[in-house]
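K.L.:
Spelled out, the chains give:
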Amino acid sequence: MASPRSIEVKVGILILTATVLLAVFILVMGGINFQSTYALFVDFDNPGGLQSGAPVKIAGVKVGKITEIQFRGGEAPGGAGKREPLVRVKVELEKRYQQSVRDNAVFYVTSSSVLGEQFLALDPGSGDRPVLAENAIVRGLDPPRLDMLIAKAYDLLDTTVNALSGNKDEIGTALNGLSRTLKGTGDFFEKNGDRLDRIAANVEQITVDTQDTVREAKQKYVENPQIDRILANVDKTTGALAQDAPPLLADAKATLANVKRVSETVGGENEQAKIRQAIGDLAEIAKTTKGITQDAQEIASSVRRGKGTVGALVMDEQLYDDLQELVRDLKHNPWKFFWRE
Amino acid sequence: MSAAKTHDEPAPPSGIDQAAEEPDTSIAAVVGAQAIELVGMGLEIASVFIRTLYYCFRGRPDFGAVVRQMFEIGNRSVVFLTVVMGFIGMILVLQGGLQVKRILPEFSMVGASYLELLVRDLAATISALMLATRVGAGIAAEIGSMVVTEQVDALRMCAADPIDYLIKPRFLASLVMTICLVIWAAGVAMLTGMLTAYIMFDVNPRTFFNLHLVDTGDLVVGLAKCLAYGAAIPVVAGHSGLTTHGGSEGVGWATTRAVVNASLAVIVLDLILSALGYVLLGP
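Read top to bottom, the protein sequences are chains E and H. Under this note's numbering, the first sequence is numbered contiguously, ending at residue 341. Under this note's numbering, the second sequence is numbered contiguously, ending at residue 283.
Possibly wrong hints are sitting among the right ones.
Stated by the list, open to error - Listed below are several chain H residues computed to face chain E (Cβ distance under 8 Å; list not exhaustive):
#1 M70
#2 V78
#3 V79
#4 R134
#5 I179
#6 C180
#7 W184
Unchecked claim - Computed, partial: chain E to chain H, Cβ under 7 Å:
#8 I7
#9 K10
#10 V11
#11 L14
#12 I15
#13 A18
#14 L21
#15 L22
#16 M29
To be verified - Cβ-Cβ distance ranges computed for the label pairs, FRET-style:
#17 H:D62 / E:S52: 44 to 50 Å
#18 E:S6 / H:D62: 58 to 64 Å
#19 E:V24 / H:C158: 19 to 25 Å
#20 E:E68 / H:D62: 36 to 42 Å
#21 H:L94 / E:A23: 27 to 33 Å
#22 H:L195 / E:S165: 32 to 38 Å
#23 H:P105 / E:E68: 33 to 39 Å
#24 E:S3 / H:P61: 17 to 23 Å
#25 E:A59 / H:P61: 54 to 60 Å
#26 H:L94 / E:P4: 40 to 46 Å
#27 E:E204 / H:P105: 54 to 60 Å
#28 E:S6 / H:L195: 42 to 48 Å
#29 H:F80 / E:A23: 23 to 29 Å
Everything labelled a hint here was simulated from the structure, so no lab data went into it. For glycine and all other residues, C-beta sits at the position ideal for the given N, C-alpha and C.
Looking at chain E on its own, in the form it has when it is part of the complex (with noise of 0.2 Å):
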């Protein structure tokens, strides 16, 4: 046996070459943490897989754990048709990470592969909200139930399954009919490609058309200050007419009440007789005047031919000239009409 002192070295050696071993793997492990923490509780309905000790990671980064998950059915009962989440998960979250969580952070559950362990992941919200409380209880986003997808899945196929096997001879003769369809269609447009082509163009051009008529229509009609002013004519008249009608009314009114009474007085059977005998005198002096006027026309006309003694007055010019001089001399020479000479 090697000496004491040898002894007491080698052991040494060993025990303090496993001591660091363990250090090492403890201090790589990460599983003893000695940074502070602070509790958060986050409900879920269903979180899945979701076991404690998991991992809470933002965006990939660790940055705390799952430490309790406890089932919580029955103890709060919810209001009437609402429930309340029934899983209640306590996070422990690094105290240096605290501010970047805020109140509108997100927490769902999901999984590091299609077969990974799952963990809980947590959007830290937007930089302009408070940041969430110690102790603080939200709600998380359930994860999506696949299970729940399988059976709504699997009902799903096997009445799809269930009606096609019961019906493969319509389901043939749709296919058959569908078949020729698409074959019709397909020869359609192969012959007629050329018309669909120029088809298309009309249609575009059309469009462009229409386009600009509306634009044109647009100018004139809706953007024009004619408009405008007619539109605050009519505005004006309407104005005016809503001002100015009562008083019209009243008037026509008044009106339509004198009508009504020269129309009563009218109307009875005497004034009608007399009314009748009233036109008919008057259709007599007519006749006696156009007597009358035929008469003066007679005269007027002898006149004009030169008859008689106011014709011969007014159509022989050689008597007015007789005349004239008559006066002229008898004005020059007035003794005439007491002297002949």
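Guided by the hints, dock chain H onto chain E, whose structure is given.
P.N.:
Same frame as chain E, now just chain H:
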């Protein structure tokens, strides 16, 4: 332990067996005798354990003896354990990887689950089984030969309890050294497993060395197992040595019994601690 005792049956009977001079052949009598023997031995081992603990606090301090035993138990076992755990690591990863390859060729989690398995159970248990054979046999043979050559009786004559003189230093040394050896062995197994995964399955060592699944609970369970095995092996082996009867043949039987009982103790403690760890600290 029954296996050990069935072997033990033709050997010189121990204290309790001496009552049954003419062996009863009925099944009930055989089962009853075995059960009584088992309970008796359990009680004896418990008494040795309690007395060892008592002397740890009240006995005379013998630092030199403890260091010598540490050297014997610890340093002399390093090469043996390194070789064993190196091979165990290779075999485990190779077989596990082949199974994984058959199910789905995705090796990213092989390292993580291997490390968890190693930390939680295999490193401590396999190392302890190896130590039970090497250390347990050594202790039993040493103490057994001292019993046979009546050195232990001489100690008793001097009013010195052989447990204080012989078992206590081995117990303390084993407690410390089992932990150190298991940590070393786990490191070796991790290294060889990592190399195997890299060579056989092209798993990046960084991917392999994924301590994601290893948590504090795993580490606590693993270290608790180290402590339990470290305490159990010298106590069981020392008991076997102290109850040696007969000549050199008795020493041989005592050694065999020490190895078998210590291995059984390791397995039973593994089961108990694993269950306790699962209940208290989660999967």
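K.L.:
All the hints need checking, so say for each whether the structure fits it.
P.N.:
Evaluated hints:
Interface hint at M70 (chain H): satisfied, since its Cβ lies 4 Å from the closest Cβ of chain E, which is below the 8 Å cut-off. The beta carbon of V78 (chain H) comes within 7 Å of a beta carbon in chain E, closer than 8 Å, and the hint placing it at the interface holds. The restraint placing V79 (chain H) at the interface with chain E is violated, with a minimum CB-CB distance near 12 Å, outside the 8 Å limit. Interface hint status for R134 (chain H): violated, as the beta-carbon distance to the closest one in chain E is roughly 15 Å, over 8 Å.
Look at I179 (chain H): its Cβ gets to within about 7 Å of chain E, closer than 8 Å, so that hint holds up. The criterion of a C-beta within 8 Å of any C-beta in chain E is met by C180 (chain H), whose closest approach is roughly 3 Å, and the hint holds. Because the smallest distance between the Cβ of W184 (chain H) and any Cβ of chain E comes to about 6 Å, under 8 Å, the interface hint for this residue holds. Annotation: I7 (chain E) was flagged as interfacial toward chain H, and the flag holds, the nearest CB pair being 4 Å apart, inside 7 Å.
Interface hint status for K10 (chain E): upheld, as the beta-carbon distance to the closest one in chain H is roughly 5 Å, under 7 Å. The criterion of a C-beta within 7 Å of any C-beta in chain H is met by V11 (chain E), whose closest approach is roughly 4 Å, and the hint holds. At about 5 Å, the closest approach between the beta carbon of L14 (chain E) and any beta carbon in chain H falls short of 7 Å, and the interface hint on this residue holds. Hint status for I15 (chain E) relative to chain H: holds, with the closest Cβ pair at about 5 Å, below 7 Å.
For the restraint placing A18 (chain E) at the interface with chain H, the shortest Cβ-Cβ distance is roughly 3 Å, inside the 7 Å limit, so the hint holds. Interface restraint check: L21 (chain E) against chain H, minimum CB-CB distance 5 Å, threshold 7 Å, status holds. A cut of 7 Å between beta carbons decides the hint on L22 (chain E): the least distance to chain H is about 5 Å, and the hint holds. At its closest, the beta carbon of M29 (chain E) sits 4 Å from a beta carbon of chain H; the interface hint therefore holds under the 7 Å criterion.
Distance hint check for D62 (chain H) and S52 (chain E): the Cβ-Cβ separation is about 47 Å, which falls inside the suggested range of 44 to 50 Å. Hint check: S6 (chain E) to D62 (chain H), Cβ distance near 19 Å, so the stated range 58 to 64 Å is violated. Under the hint 19 to 25 Å, the C-beta atoms of V24 (chain E) and C158 (chain H), about 47 Å apart, miss the expected range. Distance hint for E68 (chain E) and D62 (chain H): a CB-CB separation of about 48 Å, inconsistent with the stated range 36 to 42 Å.
Taking 27 to 33 Å as the suggested C-beta distance range, the pair L94 (chain H) and A23 (chain E) conforms, at roughly 30 Å. In this structure the supplied range 32 to 38 Å is violated for L195 (chain H) paired with S165 (chain E), their Cβ-Cβ distance being about 57 Å. Distance hint check for P105 (chain H) and E68 (chain E): the Cβ-Cβ separation is about 37 Å, which falls inside the suggested range of 33 to 39 Å. Here the CB-CB span from S3 (chain E) to P61 (chain H) is close to 21 Å, well matched to the stated 17 to 23 Å.
Between A59 (chain E) and P61 (chain H) the beta carbons are some 57 Å apart, a value that agrees with the proposed interval 54 to 60 Å. In this structure, L94 (chain H) and P4 (chain E) meet the distance hint of 40 to 46 Å, their C-beta atoms being roughly 43 Å apart. Taken as a hint, the range 54 to 60 Å holds for the pair E204 (chain E) and P105 (chain H), whose Cβ atoms sit roughly 57 Å apart. For S6 (chain E) and L195 (chain H), the hinted distance range of 42 to 48 Å is not satisfied, since their beta carbons lie about 33 Å from each other.
Taking 23 to 29 Å as the suggested C-beta distance range, the pair F80 (chain H) and A23 (chain E) conforms, at roughly 25 Å.
Comparing the model with each numbered hint stated earlier shows that hints 3, 4, 18, 19, 20, 22, 28 do not hold.
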